[in-house]
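Engineer: If you want the building blocks of each chain, they are given just below.
Number of protein chains: 4
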Amino acid sequence: MAHELVVRGGTVVTATETVRCDVGVDGGRVTALAETLPAGRRDIDAGGLYVLPGGIDSHVHIEQFSSAGVYCADDFHSGTVAAAFGGTTTIVPFAAQHRGMKLRSVVEDYHRRASEKAVIDYAFHLILADPTEEALQEDLPRLVDEGITSFKIYMTYDRLRLTDEQLLDVLSAARRLGALTMIHAENHGMIAWLSHRLLQAGATAPRYHAISHPRVAEGEAVQRAVALAELVDVPILIVHVSDLTGASAIRQAQTRGLRVYGETCPQYLFLTGEDLDRPGLEGAKYGCSPPPRDRASQEAIWKGLVDGTFQAYSSDHAPYKFDESGKLPKGERTTFKEMANGVPGIELRLPLLFSEGVGAGRLSLNEFVALGATNHAKLYGLYPRKGTIALGGDADLVLWDPKRRVHVTAAMLHDRTGYTPYEGKPLTGWPVTVISRGRVLIQDGQLHAEPGSGQFIPAARSDWARPRGVAVPELARLREIGPALD
Amino acid sequence: MAHELVVRGGTVVTATETVRCDVGVDGGRVTALAETLPAGRRDIDAGGLYVLPGGIDSHVHIEQFSSAGVYCADDFHSGTVAAAFGGTTTIVPFAAQHRGMKLRSVVEDYHRRASEKAVIDYAFHLILADPTEEALQEDLPRLVDEGITSFKIYMTYDRLRLTDEQLLDVLSAARRLGALTMIHAENHGMIAWLSHRLLQAGATAPRYHAISHPRVAEGEAVQRAVALAELVDVPILIVHVSDLTGASAIRQAQTRGLRVYGETCPQYLFLTGEDLDRPGLEGAKYGCSPPPRDRASQEAIWKGLVDGTFQAYSSDHAPYKFDESGKLPKGERTTFKEMANGVPGIELRLPLLFSEGVGAGRLSLNEFVALGATNHAKLYGLYPRKGTIALGGDADLVLWDPKRRVHVTAAMLHDRTGYTPYEGKPLTGWPVTVISRGRVLIQDGQLHAEPGSGQFIPAARSDWARPRGVAVPELARLREIGPALD
Amino acid sequence: MAHELVVRGGTVVTATETVRCDVGVDGGRVTALAETLPAGRRDIDAGGLYVLPGGIDSHVHIEQFSSAGVYCADDFHSGTVAAAFGGTTTIVPFAAQHRGMKLRSVVEDYHRRASEKAVIDYAFHLILADPTEEALQEDLPRLVDEGITSFKIYMTYDRLRLTDEQLLDVLSAARRLGALTMIHAENHGMIAWLSHRLLQAGATAPRYHAISHPRVAEGEAVQRAVALAELVDVPILIVHVSDLTGASAIRQAQTRGLRVYGETCPQYLFLTGEDLDRPGLEGAKYGCSPPPRDRASQEAIWKGLVDGTFQAYSSDHAPYKFDESGKLPKGERTTFKEMANGVPGIELRLPLLFSEGVGAGRLSLNEFVALGATNHAKLYGLYPRKGTIALGGDADLVLWDPKRRVHVTAAMLHDRTGYTPYEGKPLTGWPVTVISRGRVLIQDGQLHAEPGSGQFIPAARSDWARPRGVAVPELARLREIGPALD
Amino acid sequence: MAHELVVRGGTVVTATETVRCDVGVDGGRVTALAETLPAGRRDIDAGGLYVLPGGIDSHVHIEQFSSAGVYCADDFHSGTVAAAFGGTTTIVPFAAQHRGMKLRSVVEDYHRRASEKAVIDYAFHLILADPTEEALQEDLPRLVDEGITSFKIYMTYDRLRLTDEQLLDVLSAARRLGALTMIHAENHGMIAWLSHRLLQAGATAPRYHAISHPRVAEGEAVQRAVALAELVDVPILIVHVSDLTGASAIRQAQTRGLRVYGETCPQYLFLTGEDLDRPGLEGAKYGCSPPPRDRASQEAIWKGLVDGTFQAYSSDHAPYKFDESGKLPKGERTTFKEMANGVPGIELRLPLLFSEGVGAGRLSLNEFVALGATNHAKLYGLYPRKGTIALGGDADLVLWDPKRRVHVTAAMLHDRTGYTPYEGKPLTGWPVTVISRGRVLIQDGQLHAEPGSGQFIPAARSDWARPRGVAVPELARLREIGPALD
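Chains as they are written, first to last, in the numbering used here: chain A, 18 to 503; chain B, 18 to 503; chain C, 18 to 503; chain D, 18 to 503.
It is worth saying that the hints were derived from the structure and are not from the lab.
Take these hints with a grain of salt, some might be off.
Copies of the same chain are indistinguishable here, so a pair counts whether it falls within one copy or spans any two.
[What the hints assert, rightly or not] Straight-line distance between alpha carbons at most 20 angstroms, and here's what the computed DMTMM-like set of lysine to aspartate or glutamate pairs gives:
{"hint": "1", "residue 1": "Lys354", "residue 2": "Asp62"}
{"hint": "2", "residue 1": "Lys320", "residue 2": "Asp250"}
{"hint": "3", "residue 1": "Lys320", "residue 2": "Asp480"}
{"hint": "4", "residue 1": "Lys119", "residue 2": "Glu52"}
Quick caveat: nothing in here was measured; it's all calculated off a predicted structure.
I would like the entire structure built from these sequences, with the hints used as guidance.
Structural biologist: Set out below in structure tokens:
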């Protein structure tokens, strides 16, 4: 019987393979890989194109309500449409708790909004800002069972940061539950101390954001996060690493045998602190935390992608308009401390990495697929349904034209931020056809999907989140002499 | 039309995927992967089994004539039969030059012997003991074009070792030719100095072999090899790493961004120096270079397999009988310096790693496949034809029963060494059916293959052997001011 | 004219020299060093003895009122008498602020008590528990001018610990004032989290103190302290380092060129965590923070003394009786969390290091003098008046018999703790005559000094506390574009 | 009775002390240090001056006959006169064996020449180019007994270099004899390979010397030297370290607890590879091995002086005229491979370090004294007679004017090289009076000493050359099971 869909004549690329073959799809899943398949009910010609697993962007802020009172420009429709146009077929945004909120209602809220609007599939991470005993003991186990198996916690930001004891509470819960914890690692005290002094001295321009978040704050916090995780014996993932300080702390932990994963983002490969120097408040467009550093940092981050320090490459898409709703809550009087933190990138994430990574010879095609899709699925329990092209997995396929040249402009993009930090950048390589669970979402530059056609993908407990079973000496001793602590 | 062969109902495992599916084979190649394939002309039931890519053992000594006058116990028939029974469908033995020999005749000789006897496929590495100008300038380019794209060189052994200048000559040639260089890294001076003093003091027993090859000799030589390769800017692979000293030198090089690969072997995971302490000359059975170390070394090597320091797990199969033809050329009077170096392992390599790696929870199935097969193919230019299960690749398939329990005895093995260092070891997991290019080689414990049915696989230049394009400061400066050196 | 005192015939040892010569003393100071001096008004025969600079113990708790309600067993009389008997002629105890206290009245209080009772000279460090704006801006500058040029701050203990921002406030003030900051570096969150869980589980015995203060807490806090100091560019000293985790973090900082100093104490060379395992509450006698670790830790600390990681060897004398006034505030029901932290050691500090350091061949005599006296003077601005034997310096001399054998018992000691953790230890080498500013304090086992005869030594700003003048990249950038922050 | 000489009113500086006092001298030795001494038979006013121990330059080539046929410009007269004018009162030149020469006659020859001409004191290191069994077993023990307790060996240079086995032979002998081994550490193979290719390509100019001695050759050889010394368990000193590669290899060894010492020289603080770029053959004046590197290397070397990586700062004075007798043996046709290796520096060594080290705030006065004098004496068994100012030691005193400004010109210097690499450099601080064993050698710019008035100082076995007593695992094992190897 004919396949519902056959993608014909392309070069299928996974994290391991680069193979000329046809892909047969039925019921939204890949059902056949063969050198030549008979004609399907629908055939798509992929001649001259790469057939890649749909990208997974596991770090995006969509329709997220900030406790500081700023709003994401993107809702689940615009955000997922932009993702799809960029070759991403699954996102893992945050269900963000603020202090005082019940976790279950937070999650329900995000579920509701996403289910009505998303055009691609999604899972959720849970931001934990208030890890009460009740949250840890009652809510989290249920949420993990319901498919939310990753938490994000913050070491900085007044309204989000946890104390070291709270970090340990969450890490310990994650260990018990088999969940993976993502950590925003910057030393809060350094940032607060510098910011206070800068503002006191009248230094309010966006460029001072980069001064107030020094590298040493990132390096310190990564080392502390590693130490806390080592005490508890639980894997962690350090998000949005910007520089050698963070990268080498992760690498050292890995060398010591710890399960510490790292993520980086396009802003640390393509922007620098000088972008924040632009006149007036223009620099605010490039403000994110940690901030972009310098050329040497970019090289260190590329090296970390090559040598395996980083498993994931995400966008940290944080879409804020350049007006009072986002970047400039106080208009012209907005200080670097008040401007919304974050840059958009959901649509350009993969094209940027392809052009400068694969195109420039830094990464192989297989590494590109691993960093942009497969590893995300493995880290967050979406594999084998997502993240690769294999029998039985969802038919999330991207037909990638390696020769298509594109000049980036904000106008061509589909998110609602209104600007792009990569304006004017020439890229080579672009996703031309995007398929999600066998549905052709994007073709010939047109979207073919209804709001709400994306589905929630419940995440399993990831193998990559398993503890090593190695206790620090004191806890090893405790096992011999004392009571169990968990 | 029906496939020639269908492997049905197994769980196909690659370096990335673990997927329930059927595999269709035609003309010796994989032609279809599908959830369910129609009946083939021949069907093999893989229910409850893993379907793995055939193992690749890229470090084996077969029918190799030693310049010291000892002989391998295995010829290309016994060696390849033993490999096949252990789940290995491709080997990369050495075509070994001795000083004074012409490279082309060396290679022809090995080609002739292998083509007559091998039952599985093979490629060759070239051992370079005499890198004359003629060899480097005339022979090597031709041999690389003919599919021999990896060289092995020695930093120790009187008859094989190269000086640092010769090492640079070979590395520089490898860079020019796109070949990968394997290095046996031990400091010759330390070994010679200690051996001389030990023999002078009458310490001749096998146990002194382990004394005369100290860890520091391995660590030193790895660092030197890395430095030489860095000067030339060419990737290298350090073979048979035994201990933390070597592993951490490799890891540091990788952290600095160098393309330095590492290989280890079962003897460094399962034996220790104490095995050489056995009474009389019995310890000679466990003598190899570098020697097995201790428990801490074993742990360091396991850690290196997990953290990515090592790409390849090989046997370094060196089959010497425990008699005057091999281990004991002078009978009872054989000193540790005269006994043949090496242990057999071609058949048990994969079962050992599976049982203690996958079974004990240290490695995932995918890592097992990468270390035992896929990475070898990528390192040595055999990919995508070998090393994975993908459309168009050779149908080298191993049906692996993860529950089969085996107690190792020499009698059950198929090489001609006559003993195994792993005698008595209980293992769980075993290759039950082995398929090479669609031919069922092993089934129900029986071999179904004629001598000479194996083929030579010409190796391509490997992507992994590409130089980084980063020059040390002095050579970067030379580019500005002076003549090109290559 | 005859010298007031001549120490004749000894071997004078300083941090650099070992010289046979006579020492002439007038007006409390060294006025002549000569091969042979004419008879003085008083002559002391030092034949066969070493003449050492009087020891300096820069980490002692004397007559210190704990905010937890426990009392030091020693006042300024018993404490300084014990010090003198152990060869120490200068101590630097703490003037300890508790939260809410005014710094100036704290200091006045300690001055008053010490001036009435001390029999040897002393300076003060200031413990800062409440670094208010007023304290930093008004009190500290005056106190530094008055000779208190070192601060101690805590990263743990509920009543003492500072936040990272407060640590930066103090470090920044220290930089401005030229003061040296001593840091008790343990991660508070880890300790609190573990303690809470242990107590909840009913694990209250002293041995759980060692579990609740894991090595990783020390290593983490040292790295954080280094990062904070690097941000501000100011030297720091990490006190009482117990293990490789802390030592290697210090060494790495030093290797990076940072001015990070380290101190260790006898308890980390001679005790282990097993000492806390004694039955009942007996283990409480060995409880200090950080706790003693194990044999490997001891070796790491010895190595740090040899390789220059540590500049100072102090006692951290914290004398608590083994009763309700000290170690056991709740009697038999005292938990590990309530028992007073600290061990006595002021008298045995130097004999322990001499016997096991110099006697066992680990340290040279000169290193012994540097670690026990000279470096303390240089670190804390007491040099050249204290810490060496040189013209013009105070005649603080210890005549040390390198062959005197002593078996340690609590009964022979002069502090009021009532026990010693080193009970029964055999030592070789002992201070037999102790001279302070030319006064013979101890001779033939007798004390010859009135309470109050010790003097306050105002400390100068130390050269070793000078900033490097190297800014982290962000603050270097700030210098170009923005306002000065200090 | 009046002292023969009193140096009055100066500030005496040692490695530890900085003290205002008078120095009394009798019989060539320091006999009194006092705040005020009575008038001596001769009084020298040191008011406003530092009184420093005479400098020790432990790395100088004087009247050394090169096996390549070039000659030192300086004999023992001109060399020691230049040293004295620069504040150095003891040198340790080399007695240089060439292959085939008998050690005892080599030493006699140097003794004879030095005794006739030297105006300051001297000891000898022995260059071992031919470590035969006879040399090691018979000659060395006698020479060590006669006061030559340090050996120098080479890892490069065709006529001098030893194989790794020979290095082990010498290190092992040094261990037995209590001698200290200095090692010229550069990888010979890299240098030879690059030089050969450069010359083949017609790149003969002096600048190619710097290309042919890459940093990686230094780093590699230092690591190998450390490994060889670790195997034997014997201290070593790495001479003339030029860059971070060497410095960090030394630092790592020290951190591991090994006794590895480091030396550096002015050319690595004040010159760079660009100096070799000068037009024509002019660059040859700056050619030494290893070559000067770049600014970052200079900073790394300064850091190594501050953090204790380096114990000794020497000149490596190698005075070759810029003519056919030295730098240009083939005149205009001299290639970089033929030009004599080395730069002069014996006279400017201390003024350079004082001006840029002490004057610029990088080093304390005490560190300056330790690096320029005291540590040399301790390393090479000349302490306590040389290297400090202490009772009983030789009265080798330098009166140093910290404010004297000098503009360097070749014309003002006293060696016979005919040029200085530091031409035109402004310095602050200069030795104005130089005293050797109580004799005023230099005063008011005039020399007051006869040729031959310098004495040979037999060196003792240095404490710093004692083995650690720690065996590598294999040799520790050997102690349990086997024969002793030494």
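Engineer: Evaluate each hint against the coordinates.
Structural biologist: These are the hints, each one checked on the structure:
| no. | hint | verdict |
| --- | --- | --- |
| 1 | Lys354 / Asp62 | neither (51 angstroms within a copy, 64 angstroms between copies) |
| 2 | Lys320 / Asp250 | between (27 angstroms within a copy, 16 angstroms between copies) |
| 3 | Lys320 / Asp480 | between (26 angstroms within a copy, 17 angstroms between copies) |
| 4 | Lys119 / Glu52 | neither (52 angstroms within a copy, 43 angstroms between copies) |
Of the hints listed earlier, those the structure fails to meet are numbers 1, 4, in rising order.
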